[in-house]
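Colleague: Turn these sequences into a full structure, and let the hints steer you where they fit.
Here is how the chains run, residue by residue.
6 protein chains.
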Amino acid sequence: MIAHSLPDPVFGPAQNLHGATYVVDAEFQRPELNQHKIVLDIGLATDLLKEVLAPLAYQNLDELPQFKGELTTTEYLARYIHDQLVVALNNSFQGSLKVTLGESHVAWASYQGPVS
Amino acid sequence: MIAHSLPDPVFGPAQNLHGATYVVDAEFQRPELNQHKIVLDIGLATDLLKEVLAPLAYQNLDELPQFKGELTTTEYLARYIHDQLVVALNNSFQGSLKVTLGESHVAWASYQGPVS
Amino acid sequence: MIAHSLPDPVFGPAQNLHGATYVVDAEFQRPELNQHKIVLDIGLATDLLKEVLAPLAYQNLDELPQFKGELTTTEYLARYIHDQLVVALNNSFQGSLKVTLGESHVAWASYQGPVS
Amino acid sequence: MIAHSLPDPVFGPAQNLHGATYVVDAEFQRPELNQHKIVLDIGLATDLLKEVLAPLAYQNLDELPQFKGELTTTEYLARYIHDQLVVALNNSFQGSLKVTLGESHVAWASYQGPVS
Amino acid sequence: MIAHSLPDPVFGPAQNLHGATYVVDAEFQRPELNQHKIVLDIGLATDLLKEVLAPLAYQNLDELPQFKGELTTTEYLARYIHDQLVVALNNSFQGSLKVTLGESHVAWASYQGPVS
Amino acid sequence: MIAHSLPDPVFGPAQNLHGATYVVDAEFQRPELNQHKIVLDIGLATDLLKEVLAPLAYQNLDELPQFKGELTTTEYLARYIHDQLVVALNNSFQGSLKVTLGESHVAWASYQGPVS
Numbered sequence: 002m003i004a005h006s007l008p009d010p011v012f013g014p015a016q017n018l019h020g021a022t023y024v025v026d027a028e029f030q031r032p033e034l035n036q037h038k039i040v041l042d043i044g045l046a047t048d049l050l051k052e053v054l055a056p057l058a059y060q061n062l063d064e065l066p067q068f069k070g071e072l073t074t075t076e077y078l079a080r081y082i083h084d085q086l087v088v089a090l091n092n093s094f095q096g097s098l099k100v101t102l103g104e105s106h107v108a109w110a111s112y113q114g115p116v117s
Numbered sequence: 002m003i004a005h006s007l008p009d010p011v012f013g014p015a016q017n018l019h020g021a022t023y024v025v026d027a028e029f030q031r032p033e034l035n036q037h038k039i040v041l042d043i044g045l046a047t048d049l050l051k052e053v054l055a056p057l058a059y060q061n062l063d064e065l066p067q068f069k070g071e072l073t074t075t076e077y078l079a080r081y082i083h084d085q086l087v088v089a090l091n092n093s094f095q096g097s098l099k100v101t102l103g104e105s106h107v108a109w110a111s112y113q114g115p116v117s
Numbered sequence: 002m003i004a005h006s007l008p009d010p011v012f013g014p015a016q017n018l019h020g021a022t023y024v025v026d027a028e029f030q031r032p033e034l035n036q037h038k039i040v041l042d043i044g045l046a047t048d049l050l051k052e053v054l055a056p057l058a059y060q061n062l063d064e065l066p067q068f069k070g071e072l073t074t075t076e077y078l079a080r081y082i083h084d085q086l087v088v089a090l091n092n093s094f095q096g097s098l099k100v101t102l103g104e105s106h107v108a109w110a111s112y113q114g115p116v117s
Numbered sequence: 002m003i004a005h006s007l008p009d010p011v012f013g014p015a016q017n018l019h020g021a022t023y024v025v026d027a028e029f030q031r032p033e034l035n036q037h038k039i040v041l042d043i044g045l046a047t048d049l050l051k052e053v054l055a056p057l058a059y060q061n062l063d064e065l066p067q068f069k070g071e072l073t074t075t076e077y078l079a080r081y082i083h084d085q086l087v088v089a090l091n092n093s094f095q096g097s098l099k100v101t102l103g104e105s106h107v108a109w110a111s112y113q114g115p116v117s
Numbered sequence: 002m003i004a005h006s007l008p009d010p011v012f013g014p015a016q017n018l019h020g021a022t023y024v025v026d027a028e029f030q031r032p033e034l035n036q037h038k039i040v041l042d043i044g045l046a047t048d049l050l051k052e053v054l055a056p057l058a059y060q061n062l063d064e065l066p067q068f069k070g071e072l073t074t075t076e077y078l079a080r081y082i083h084d085q086l087v088v089a090l091n092n093s094f095q096g097s098l099k100v101t102l103g104e105s106h107v108a109w110a111s112y113q114g115p116v117s
Numbered sequence: 002m003i004a005h006s007l008p009d010p011v012f013g014p015a016q017n018l019h020g021a022t023y024v025v026d027a028e029f030q031r032p033e034l035n036q037h038k039i040v041l042d043i044g045l046a047t048d049l050l051k052e053v054l055a056p057l058a059y060q061n062l063d064e065l066p067q068f069k070g071e072l073t074t075t076e077y078l079a080r081y082i083h084d085q086l087v088v089a090l091n092n093s094f095q096g097s098l099k100v101t102l103g104e105s106h107v108a109w110a111s112y113q114g115p116v117s
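Residue numbers (my numbering), protein chains in the order written: chain A, 2 to 117; chain B, 2 to 117; chain C, 2 to 117; chain D, 2 to 117; chain E, 2 to 117; chain F, 2 to 117.
No incorrect hints appear here.
Note that the list lumps identical chains together, so a pair holds whenever it fits in one copy or between two copies.
Taking lysine to aspartate or glutamate pairs in the EDC-like style, the calculated list, with each CA pair at most 20 Å apart, reads:
(1) Lys51 x Glu28
(2) Lys99 x Asp48
(3) Lys99 x Glu28
(4) Lys69 x Asp84
(5) Lys99 x Glu52
(6) Lys51 x Glu104
(7) Lys99 x Glu33
(8) Lys99 x Asp84
(9) Lys51 x Asp84
(10) Lys69 x Asp9
Hints in this document: simulated from the structure, not taken from any laboratory.
Modeller: See the structure below:
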């Protein structure tokens, strides 16, 4: 649940400071299962995702240093969270990761890229 | 998609300026259908709901005069929208109206009251 | 998945022959559970609902005798299915029954009434 | 919300004139975001999708000239809408487009293809 | 995510030891909001619900002493969780509480009763 | 609705005999539609999926011979059902098949592979 503004005329009323609830899904893919017959420990995945999201929750993104000068669109945030999650995984997973931010029941954005 | 803050210690991190996407549902109830075999013209209901929500969309509620000094919780907003919709209906419907604000797939709040 | 038309000017373009997919939910309520600690046998409820819906599936409602001269709105159909289900229950359940027809993810209609 | 028939014995009872509500999703993909840090202006995408769907809404597809002699299955319609949307985009987007028609909570069909 | 059996012939194949994932919703109702303009602290409600569910998670209910000789139907469990949650609330809430156990996207059971 | 245990320390409390409700989706993909303008007869697909799932429904997987010595994780089961469905299709479909097991509204696993 974040606040932000999108200061570019293309965004019309979303140039105002407004807000959004994002439901964040992370989808991990790999060609074969590991020795425990899983893609990844879902408990670990959940913990790492929470760790990555914690500094953003209940914040005004316009005031966070990591977003200075950036347009924090849903697409941008999907990639930002993807990349933070890759760092947090710290080589414990190889494959592909897709992060989806659901804004509402009719709008969402995803970013998918490799994890090596 | 609104921004707001909840300045009361009970709200913890939500005392910060943050934001939310609300999916707003309006449910109309009446004992018997009208002569067109409907509860209400769904086109009219949709238009009135949009009209009531328009001044809130993409706004920072902390800066709107109608919310000055109010804690704009989901529950408060459900009642506010209910009462605005009753005014907008302008006696064209008698029965009961329930307004639900969905914050996410796990949290929502409703207010239900009569329309006379 | 039915076809029908709504021949009353209040329905605008829905006066045309058009169609709808309805997802039909039946919700049974009673003050106390029966001796099997259930409200109703869900297998029986599912069978009776299918039995009631079978004559309507893949039909043009405008051509069915039971709807001659009726406006087959979602609200009307919710009550029709409710009443047919009460007959089908044949005194095997006492309580309250709510039938909901979901037209899409944003529109639905329900009818609730007693079963005695 | 359309009416249609599927005149081929393989469709069993769906050979009758019946109907369907389709929820139509359009998903746009591109390798990199544009200069506004978005995949596409979601307002424009919504307008173009509405424009493409308008001639089909509340119609009996059996009577529309563009579907003469065609089996208007969900799969066929997904591709039809995809191709109409590519035309409507009029070179304003390059990438991939997936159109999904949701018939109900258990059945859907998609068509995905390039937009150049 | 529990295992259990329903040893009564009315349950057919569910007399076998089998399992279920339940999504548990708690809905609190009161006539007026409290001084913080909320129905209840959602953080507290979530914590109490987790506390009530913890002894059931990943268990075989047939082996838990509190269910000895009981038919642990979805309806029975909805009331059990409701009553445990009323105890856990420990007079911090007055109103009505509805507990819903969702078994799948087509089956659920609720129990609603007062909290005093 | 199955019971099972996951006897490997990595699964923590899920080493206990517990259970799960899985909602199983099958998604068929092919480059071109067949002569009936469909990907596959959805009635046939539904029948084959039911046939494949029937021996698992309301069972304790720990006691079924086909799973002896296996860790029946959601990922493992997604592939098992995929492979059984490929056999059941008996060369009536060529393309790609993705089987998804939804455990709850926040967890799912899929397996996708070719059908030849």
